[in-house]
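Trainee: Sequence:
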Amino acid sequence: MIKDRLNERTLTPQEVRTILKADNKEIVDLCKRAAIRPRKNAKGHTYFSYDEVKNLRKIQAQIRGVVTDPVAVRTPAMVSASAAQSNSAAVRSILTTLQELEVKLSNKIAKVIDEKLEGMDDVVVELIRCKTDNETLKQKIVDLNKEVYQLKNELNSYKPVALGFYKKKEVYVWE
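When the count follows the numbering used here, it moves up by one through the sequence shown with no breaks and lands on 257 for the last residue.
Simulated from the structure, these hints should not be mistaken for lab results. There could be a bad hint or two in this list.
[As the list claims (entries may be wrong)] Keeping only pairs whose Cα atoms sit at most 30 angstroms apart, straight-line, the calculated DSSO-like set for lysine-lysine is: (1) K136 - K125; (2) K125 - K114; (3) K251 - K234; (4) K107 - K122; (5) K140 - K122; (6) K241 - K251; (7) K228 - K241; (8) K220 - K251; (9) K250 - K234; (10) K103 - K136; (11) K222 - K198; (12) K228 - K213; (13) K190 - K228; (14) K103 - K122.
Please model the complete structure; the sequences and the hints are all you need to start from.
Mentor: Shown next, in the form of structure tokens:
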């Protein structure tokens, strides 16, 4: 039956297991290594081509150490699989580098902002001190204006009499 199927050039997973003397897990692993994707027929059943099974057998032999010339076993599918793996590794490397760059930039920006804000703390403290000084000076101006007003009232209470003499009038103080 298997020999009849070989002539048709398609094999079922059960036939592949028999030919390779392997379980499903090993077949899946071999398919990944060879970059082979099993196809499905119109009924939805999985099948492999004869050439795919030959490639799987070569890879299996290479893994088990039976093949002496590993270059002879490298199929175009394997070459594309290794190229895909190297591309994947390159992409991962680029992503890692970008993430490291992002972290470094974030740390540098945070450090610069912290340094600037540290200087701002000193400025804020100085501004608060200046505001307090201004409030104190404003209150002193108010007090001095009151004193000037009182002194002017007292000065105006003196009236010249004669020969440089002055007489004080009575001042009414409202308290």
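Trainee: Checking against the hints above, which ones are violated?
Mentor: As far as the earlier hints go, 8, 11 and 13 are violated by this structure, in ascending order.
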